[in-house]
Amino acid sequence: MPASDIPVPQDPADALAAVVALRRLADQLEDAAVEQAMRAGWSWPQVAEALGVTRQAVHRKHAKRLIAAGVKLRRRSP
Numbered sequence: 001m002p003a004s005d006i007p008v009p010q011d012p013a014d015a016l017a018a019v020v021a022l023r024r025l026a027d028q029l030e031d032a033a034v035e036q037a038m039r040a041g042w043s044w045p046q047v048a049e050a051l052g053v054t055r056q057a058v059h060r061k062h063a064k065r066l067i068a069a070g071v072k073l074r075r076r077s078p
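Count the sequence shown with UniProt numbering and you get residues 1 to 78, in order.
Just to be clear, a hint being listed does not mean it is correct.
[To be verified] Cβ pair distances, simulated, as ranges:
#, residue 1, residue 2, range
1, Val8, Leu51, 24 to 30 Å
2, Ala13, Val53, 29 to 35 Å
3, Leu25, Ala3, 26 to 32 Å
4, Leu29, Ile67, 29 to 35 Å
5, Ala68, Pro12, 24 to 30 Å
6, Gly52, Ala3, 19 to 25 Å
Hints in this document: simulated from the structure, not taken from any laboratory. Just so you know, even glycine gets a beta-carbon here, dropped at the ideal spot from N, CA and C.
Produce the complete structure using the sequences and hints provided.
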């Protein structure tokens, strides 16, 4: 969809508030999807590829939260 087709609120404050809300929603969706994938046995590289980031980036962002949630994380094979 071209940027010109995206409806933007007239008030910049409203538009920026919408951006913040969408970012929060996207973060929550990513957290839930990563947790679901890891509980289903996905590896860090699989999750990273699906998100279009490095394994290190996804691990750095999600590992502590997943461990705290009791998710059994796979270890890399030697």
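Hint check results:
A C-beta distance of roughly 27 Å is found between Val8 and Leu51, which places it inside the suggested range of 24 to 30 Å. In this structure the supplied range 29 to 35 Å holds for Ala13 paired with Val53, their Cβ-Cβ distance being about 31 Å. Here the CB-CB span from Leu25 to Ala3 is close to 20 Å, at odds with the stated 26 to 32 Å. Range check, Leu29 to Ile67: Cβ separation about 20 Å, and the 29 to 35 Å hint is violated.
Checked against the hint of 24 to 30 Å, the pair Ala68 and Pro12 fails, with Cβ atoms roughly 38 Å apart. Hint check: Gly52 to Ala3, Cβ distance near 20 Å, so the stated range 19 to 25 Å holds.
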